[in-house]
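Participant: Each chain, letter by letter, is given below.
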Amino acid sequence: MRRKASEALVLLLAGGVGSRLNLLVETRAKPAVTFGGLYRIIDFSLSNVMNSGLNRVGVLTQYKPLSLMGHIGTGDAWDFTGRSRFVKILPPRTGMKDSDWYQGTADAIRRNIDFIESNPTDEVLILSGDHIYHMDFAAMIEYHRSKKADVTVGMMVVPKSQIHQFGAGITNQDNRIVDWEEKPAVPRTNLASMGIYVFDQKYLLKTLARDKNEIDFGMHILPWAIDNDSVFAYPFYGYWRDVGTIQAYWEANMDLLKPESGISPEAWQICTNVEAEGRGADRPATRYLDGADVRNSLVSAGCVINGQVINSVLSPGVVVERGAVVKDSIIFRDCRIEENATLDLIISDKLTCFGAGCKVGIGTHHDIANRLYPKHLYTGISLVGEFARIPERMRIGRNCIVRCNATPDLFTAPVLQDGESI
Amino acid sequence: MLRPTTLAMILAGGRADELNVLTYYRPKSAVPFGGFVRVIDFALSNLMNSGIENIAILSQYRSYSLINHIGTGAAWDMIGRYRGISILPPFIDSQQNDWYRGSADAVFKNLDFIRYHAPEEILILSGDHIYQMDYQDVIDYHHKKQADLTVVCKKVARQRASRFGMAAIDDEDGQRGGRVINYQEKTERPEGEWSSLTVLCFRPETLYQALAENQADTSFEFGRDIIPRLMSQGKRIYGYKFHGYWGYTRTITEYWQANMDLLGDDPQIDLEQWGVRTNLDHRNLRGHQPALFGAQAKISNSLVYNGCLIDGTVRNSIVFPGVSIGPGAVVEDSVIFFNNSIGRECRIRKTISDVNTSFDAGVRIGQEPEGSGEQISVVGWNNQVPPGTSIGPGATISPSLDATKWPAHVEAGRVLS
Numbered sequence: 001m002r003r004k005a006s007e008a009l010v011l012l013l014a015g016g017v018g019s020r021l022n023l024l025v026e027t028r029a030k031p032a033v034t035f036g037g038l039y040r041i042i043d044f045s046l047s048n049v050m051n052s053g054l055n056r057v058g059v060l061t062q063y064k065p066l067s068l069m070g071h072i073g074t075g076d077a078w079d080f081t082g083r084s085r086f087v088k089i090l091p092p093r094t095g096m097k098d099s100d101w102y103q104g105t106a107d108a109i110r111r112n113i114d115f116i117e118s119n120p121t122d123e124v125l126i127l128s129g130d131h132i133y134h135m136d137f138a139a140m141i142e143y144h145r146s147k148k149a150d151v152t153v154g155m156m157v158v159p160k161s162q163i164h165q166f167g168a169g170i171t172n173q174d175n176r177i178v179d180w181e182e183k184p185a186v187p188r189t190n191l192a193s194m195g196i197y198v199f200d201q202k203y204l205l206k207t208l209a210r211d212k213n214e215i216d217f218g219m220h221i222l223p224w225a226i227d228n229d230s231v232f233a234y235p236f237y238g239y240w241r242d243v244g245t246i247q248a249y250w251e252a253n254m255d256l257l258k259p260e261s262g263i264s265p266e267a268w269q270i271c272t273n274v275e276a277e278g279r280g281a282d283r284p285a286t287r288y289l290d291g292a293d294v295r296n297s298l299v300s301a302g303c304v305i306n307g308q309v310i311n312s313v314l315s316p317g318v319v320v321e322r323g324a325v326v327k328d329s330i331i332f333r334d335c336r337i338e339e340n341a342t343l344d345l346i347i348s349d350k351l352t353c354f355g356a357g358c359k360v361g362i363g364t365h366h367d368i369a370n371r372l373y374p375k376h377l378y379t380g381i382s383l384v385g386e387f388a389r390i391p392e393r394m395r396i397g398r399n400c401i402v403r404c405n406a407t408p409d410l411f412t413a414p415v416l417q418d419g420e421s422i
Numbered sequence: 001m002l003r004p005t006t007l008a009m010i011l012a013g014g015r016a017d018e019l020n021v022l023t024y025y026r027p028k029s030a031v032p033f034g035g036f037v038r039v040i041d042f043a044l045s046n047l048m049n050s051g052i053e054n055i056a057i058l059s060q061y062r063s064y065s066l067i068n069h070i071g072t073g074a075a076w077d078m079i080g081r082y083r084g085i086s087i088l089p090p091f092i093d094s095q096q097n098d099w100y101r102g103s104a105d106a107v108f109k110n111l112d113f114i115r116y117h118a119p120e121e122i123l124i125l126s127g128d129h130i131y132q133m134d135y136q137d138v139i140d141y142h143h144k145k146q147a148d149l150t151v152v153c154k155k156v157a158r159q160r161a162s163r164f165g166m167a168a169i170d171d172e173d174g175q176r177g178g179r180v181i182n183y184q185e186k187t188e189r190p191e192g193e194w195s196s197l198t199v200l201c202f203r204p205e206t207l208y209q210a211l212a213e214n215q216a217d218t219s220f221e222f223g224r225d226i227i228p229r230l231m232s233q234g235k236r237i238y239g240y241k242f243h244g245y246w247g248y249t250r251t252i253t254e255y256w257q258a259n260m261d262l263l264g265d266d267p268q269i270d271l272e273q274w275g276v277r278t279n280l281d282h283r284n285l286r287g288h289q290p291a292l293f294g295a296q297a298k299i300s301n302s303l304v305y306n307g308c309l310i311d312g313t314v315r316n317s318i319v320f321p322g323v324s325i326g327p328g329a330v331v332e333d334s335v336i337f338f339n340n341s342i343g344r345e346c347r348i349r350k351t352i353s354d355v356n357t358s359f360d361a362g363v364r365i366g367q368e369p370e371g372s373g374e375q376i377s378v379v380g381w382n383n384q385v386p387p388g389t390s391i392g393p394g395a396t397i398s399p400s401l402d403a404t405k406w407p408a409h410v411e412a413g414r415v416l417s
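First to last, the protein sequences are chains Y and H.
Heads up: the first sequence runs through residues 1 to 422, numbered per UniProt numbering.
Heads up: the second sequence runs through residues 1 to 417, numbered per UniProt numbering.
Just so you know, these hints were derived from the structure itself, not from any lab.
Be a bit skeptical, because a hint or two may be false.
[What the hints assert, rightly or not] Derived lysine-lysine pairs resembling DSSO-like cross-links, with alpha carbons at most 27 Å apart:
1. H:K298 <-> Y:K327
2. Y:K359 <-> H:K298
3. H:K186 <-> H:K154
4. Y:K64 <-> Y:K327
Nothing here was measured: the structure is a model prediction, and the numbers come from that model.
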């Protein structure tokens, strides 16, 4: 007899650098990046697992895992504590034969075969921890069973112009994947892999044992499986975003302000660990003073607002003083925006201070890309790293970067031109 | 092993009749306050911040809400080998089968519990006041004076004194405290000007003896019976003078005023600075997303927690999680509890609305007759106010009112049940 679908083992890949998020991943892994004020990106995957009734999870970490480990804690926030429920952190480790870092997605799983074997199960669900979506994995596992598949891949339709970022599957009428292209320059399909796989456990162990040079699911494991075995696509319809670039990250945050976009953390029952960073969301209600003007924005508890907040997302503990303006911006926790400071199209990491009267995000040259990272910042968004302190009356242009811990003495001129960095 | 030396007992059994519909289904200590907490969170957070982590709560009236709120005690870090919160409900045994007949009787009935913990001092608190206090300083003073009982007091105007227990305290230690030379409970013209805040630090043996002797009486209250008894026996009773903010929540007006004291540029109650904590699992506080403001939202001088949807105007108000305020609606000078839904074009003024109540489009409260409305209206929980209903100032609406009982107009001051 088969086990219940909810007994599947979940392996969550949370080790990637996500370097295109630039400053936001300077001290933390991408899944630990703040999203939507209160949440971290990984909360979406973990909550989907919880809400699907699955409750045995391994999280594979590698890049700067401290913030992520602190956030996951005991797993209590997602109800993963109890006699048969757990979330385990699986960092890279040395052994008799292997003494290397994780080389890729499949390699990371291969190095944790002992963990899989010690948790007997019919299916293994492999996820990545860096997407914003809402999905029922129990339904996906039932689908996998009904298709008698060896592997089932979560897939969704994306615009053809974006398909080059994804694995693309060509399916037959039965949703069986008959051909595969990894990140094709000239796509033949618009069906993209979401990086969500259900494997039969035995099939997974057999496949990983075959060739150690097969280090990536999309590049190696899936093409071989499609040619030789039974691989199905599980179609997903709904909100799903890879927030791996600054632009995509900003857009997904802005989607939160538009209920019609289909994203709703509260309706999706997304849970987060509010105690991870000190008091987190355990803060008082936000105080709005006489000078407050808040429209089309998402404001977390624990803020003090006495200025204008328009089209923005605020994490807990943000202070917006009188006369200050925050527009089209994403502000992480405990930032301070002093009197008459103006922020336009900014992503600010935690605990920064914008001095009185400074103007960050000025001018209309949204197209002057950042000189150091032209592929990261080219749409006008300026980035401010954690703990940075911007001097009073400083003026900063578009696509600028102010590095983490920047102190006022580093700002040698009163203006930081478009595309420049501190 | 470091064992706690102080046992704190919180008196949380009472209902407070004057709070009316707000305490039909919960004790006063569990009444929501300040946008996300409960009244008892102030006492519990003070204890946590004072490093006192062995707590008993004496609970009798409708205790479910309170038990649910306390949970494991982890919210106040009161969980561990020697840390914990015990809830002590009334019970029957071979000797007796009575309810708690008063605050002193409640403690007397749990003497076994107290003796088991063998505390060096017993701190008796009331669970229904809004304040910040370091109890360690009270305990230090208690020991320094080798007192049998130390009573924390605050100076009040004599015309308000008839509602409180009033002490006359000498100036032995100036602003810090002194010997209590006179104590009178709720008299018209008291001798002293220091009102007892129901924060009492006892030498255990003194307490045990007084409680045992009190059992022969017909009244069993700390203020009315125990303190006067100890005074008459010439025990060493000291007054600790408290100079901070003190919020009473015994009447609707006091409760409303204490909420309003959270507002302004420099509020008298600063929840962040006071370090007030609550149980985030109660009513799923932690499950809410940040508050979402629509394109037409207007907000000033207000408190709003996570989980709200604001499309209308909010002024001088406290808004709890899960509240939605529709387009064109105006909420002012009000306290709106969890999960209220305020429809479009509503005008809600000077109103306290309990949980799960929804106001259909165009409901008006406290608006007419124009300019008369200084009275506070109170709407009980689980009500569905029909569209266009007009409610005069000072009206009271029972919880879960039958849908057929709603008139088009509820007169000012009327009690609708």
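Participant: All the hints need checking, so say for each whether the structure fits it.
Facilitator: Hints versus structure:
1. H:K298 <-> Y:K327: holds, 16 Å
2. Y:K359 <-> H:K298: Given pair K359 (chain Y), K298 (chain H) holds - Cα atoms ~25 Å apart, limit 27 Å.
3. H:K186 <-> H:K154: holds, 15 Å
4. Y:K64 <-> Y:K327: Violated: K64 (chain Y) and K327 (chain Y) sit about 31 Å apart, past 27 Å.
When held up to the earlier numbered hints, the structure conflicts with hint 4 and nothing else.
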